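**Student:** Each chain, letter by letter, is given below.
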Amino acid sequence: DVKVTQSSRYLVKRTGEKVFLECVQDMDHENMFWYRQDPGLGLRLIYFSYDVKMKEKGDIPEGYSVSREKKERFSLILESASTNQTSMYLCASNARGSSNQPQHFGDGTRLSIL
Amino acid sequence: AQSVTQLGSHVSVSEGALVLLRCNYSSSVPPYLFWYVQYPNQGLQLLLKYTSAATLVKGINGFEAEFKKSETSFHLTKPSAHMRDAAEYFCAVSEGGSYIPTFGRGTSLIVHP
Chain A
1 DVKVTQSSRY LVKRTGEKVF LECVQDMDHE NMFWYRQDPG LGLRLIYFSY
51 DVKMKEKGDI PEGYSVSREK KERFSLILES ASTNQTSMYL CASNARGSSN
101 QPQHFGDGTR LSIL
Chain B
115 AQSVTQLGSH VSVSEGALVL LRCNYSSSVP PYLFWYVQYP NQGLQLLLKY
165 TSAATLVKGI NGFEAEFKKS ETSFHLTKPS AHMRDAAEYF CAVSEGGSYI
215 PTFGRGTSLI VHP
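Residue numbers (this note's numbering), protein chains in the order written: chain A, 1 to 114; chain B, 115 to 227.
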């Protein structure tokens with residue numbers, strides 16, 4: 001069974017901390033994505049990557065960065081956490097050139113910034 | 115540019131009643147369309163997808179959706195709601211050549227006993 005694994009289900013951090021959210025997929029997918037989900041706003045794309053060491057900004061990249069050193073792993077970094085980054089973060093992946101293929105999602109990380 | 119509108123942030127039905135969740139899209143080219151479900155404290159999982167084959171698409175858990183080009187709609191239905199169907203449902207559209215879908219804001223389905 002295909003799997004996208006996010007390292008933490010729940011995380012509590014303090015304002016100003018550097019926060020790392022990790023995501024690993026076992027499907028050999030080229031594309032990986034980070035979203036944040038907030039009530040009433042749906043899913044908003046933060047960053048995506050279509051290959052190792054490649055990254056593209058999504059709709060709301062401010063305050064975030066990403067790292068893709070290996071094909072299976074995509075990390076989201078909050079450089080200096082702020083309370084407005086409290087949210088549910090979802091990682092997803094799909095195969096390259098596959099606009100007709102669905103994304104596969106992890107179970108999410110619920111991040112609280114105090 | 116593609117966009118998705120889900121009418122109604124919350125839909126409430128009784129157990130055993132028809133479920134209808136609405137999705138309208140805009141796309142400059144024939145789209146690929148998806149419905150995802152999110153159970154509490156979980157990620158999204160695929161319910162069904164339309165990829166230009168049959169216009170009536172059957173998915174998991176008894177759900178189906180019909181692609182209507184003239185109405186630019188892809189509404190999700192289920193004949194008889196069950197308590198376990200209570201979840202958040204997302205419609206998404208993807209255009210050929212883009213692997214980045216656009217999601218609707220989601221509809222929360224509430225099922226009353």
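Hints are computed from structural coordinates only; laboratory data are not their basis.
Since we're looking at a predicted model, the values are computed, not measured.
Among the hints, erroneous ones may be present.
Quick list of the computed label-pair ranges, beta carbon to beta carbon [said to hold, decoys possible]:
#	chain 1	residue 1	chain 2	residue 2	range
1	B	Thr191	A	Asp26	32 to 40 Å
2	A	Arg14	B	Thr191	45 to 53 Å
3	B	Leu121	A	Arg110	38 to 46 Å
4	A	Arg110	B	His124	17 to 25 Å
5	B	Ser126	A	Lys70	22 to 30 Å
6	A	Lys57	B	Gln156	26 to 34 Å
7	B	Pro144	A	Arg14	26 to 34 Å
8	B	Ser128	A	Leu11	16 to 24 Å
9	B	Arg219	A	Leu11	23 to 31 Å
10	B	Leu134	A	Asp26	35 to 43 Å
11	B	Ala131	A	Pro39	21 to 29 Å
12	B	Gly176	A	Arg73	30 to 38 Å
13	A	Lys18	B	Leu121	37 to 45 Å
14	B	Ser123	A	Lys70	33 to 41 Å
A short list of chain B residues far from chain A (calculated; beta carbon distances all over 12 Å) [to be verified]:
#	residue
15	Ala131
16	Val133
17	Asn138
18	Leu161
19	Lys172
20	Phe177
21	Arg198
22	Asp199
23	Arg219
24	His226
List of simulated lysine-lysine pairs, DSSO-like, C-alpha gap at most 30 Å [said to hold, decoys possible]:
#	chain 1	residue 1	chain 2	residue 2
25	A	Lys53	A	Lys70
26	A	Lys3	B	Lys163
27	A	Lys71	A	Lys13
28	A	Lys57	A	Lys13
29	A	Lys3	A	Lys53
30	A	Lys18	A	Lys71
31	A	Lys57	B	Lys163
32	A	Lys3	A	Lys13
33	B	Lys183	B	Lys163
34	A	Lys53	A	Lys71
35	B	Lys183	A	Lys3
36	B	Lys183	A	Lys55
37	A	Lys57	A	Lys70
38	A	Lys71	B	Lys163
39	A	Lys18	A	Lys70
Think of the CB as a built atom: it goes at the ideal place given N, C-alpha and C, for glycine as much as any other residue.
**Student:** Work down the list of hints and note, for each, if the structure agrees.
**Tutor:** Hint check:
no.: 1; hint: B:Thr191 to A:Asp26: 32 to 40 Å; result: holds (34 Å)
no.: 2; hint: A:Arg14 to B:Thr191: 45 to 53 Å; result: holds (46 Å)
no.: 3; hint: B:Leu121 to A:Arg110: 38 to 46 Å; result: violated (28 Å)
no.: 4; hint: A:Arg110 to B:His124: 17 to 25 Å; result: holds (21 Å)
no.: 5; hint: B:Ser126 to A:Lys70: 22 to 30 Å; result: violated (45 Å)
no.: 6; hint: A:Lys57 to B:Gln156: 26 to 34 Å; result: holds (27 Å)
no.: 7; hint: B:Pro144 to A:Arg14: 26 to 34 Å; result: violated (49 Å)
no.: 8; hint: B:Ser128 to A:Leu11: 16 to 24 Å; result: violated (38 Å)
no.: 9; hint: B:Arg219 to A:Leu11: 23 to 31 Å; result: holds (25 Å)
no.: 10; hint: B:Leu134 to A:Asp26: 35 to 43 Å; result: holds (36 Å)
no.: 11; hint: B:Ala131 to A:Pro39: 21 to 29 Å; result: holds (25 Å)
no.: 12; hint: B:Gly176 to A:Arg73: 30 to 38 Å; result: holds (36 Å)
no.: 13; hint: A:Lys18 to B:Leu121: 37 to 45 Å; result: holds (41 Å)
no.: 14; hint: B:Ser123 to A:Lys70: 33 to 41 Å; result: holds (39 Å)
no.: 15; hint: Ala131; result: holds (25 Å)
no.: 16; hint: Val133; result: holds (20 Å)
no.: 17; hint: Asn138; result: holds (15 Å)
no.: 18; hint: Leu161; result: violated (10 Å)
no.: 19; hint: Lys172; result: holds (15 Å)
no.: 20; hint: Phe177; result: holds (14 Å)
no.: 21; hint: Arg198; result: holds (18 Å)
no.: 22; hint: Asp199; result: holds (19 Å)
no.: 23; hint: Arg219; result: violated (4 Å)
no.: 24; hint: His226; result: holds (21 Å)
no.: 25; hint: A:Lys53 to A:Lys70; result: holds (8 Å)
no.: 26; hint: A:Lys3 to B:Lys163; result: holds (19 Å)
no.: 27; hint: A:Lys71 to A:Lys13; result: holds (28 Å)
no.: 28; hint: A:Lys57 to A:Lys13; result: holds (24 Å)
no.: 29; hint: A:Lys3 to A:Lys53; result: holds (22 Å)
no.: 30; hint: A:Lys18 to A:Lys71; result: holds (23 Å)
no.: 31; hint: A:Lys57 to B:Lys163; result: holds (26 Å)
no.: 32; hint: A:Lys3 to A:Lys13; result: holds (27 Å)
no.: 33; hint: B:Lys183 to B:Lys163; result: holds (15 Å)
no.: 34; hint: A:Lys53 to A:Lys71; result: holds (9 Å)
no.: 35; hint: B:Lys183 to A:Lys3; result: violated (34 Å)
no.: 36; hint: B:Lys183 to A:Lys55; result: violated (34 Å)
no.: 37; hint: A:Lys57 to A:Lys70; result: holds (19 Å)
no.: 38; hint: A:Lys71 to B:Lys163; result: holds (26 Å)
no.: 39; hint: A:Lys18 to A:Lys70; result: holds (21 Å)
When the structure is compared with the earlier hints, violations turn up for hints 3, 5, 7, 8, 18, 23, 35, 36 and for no others.
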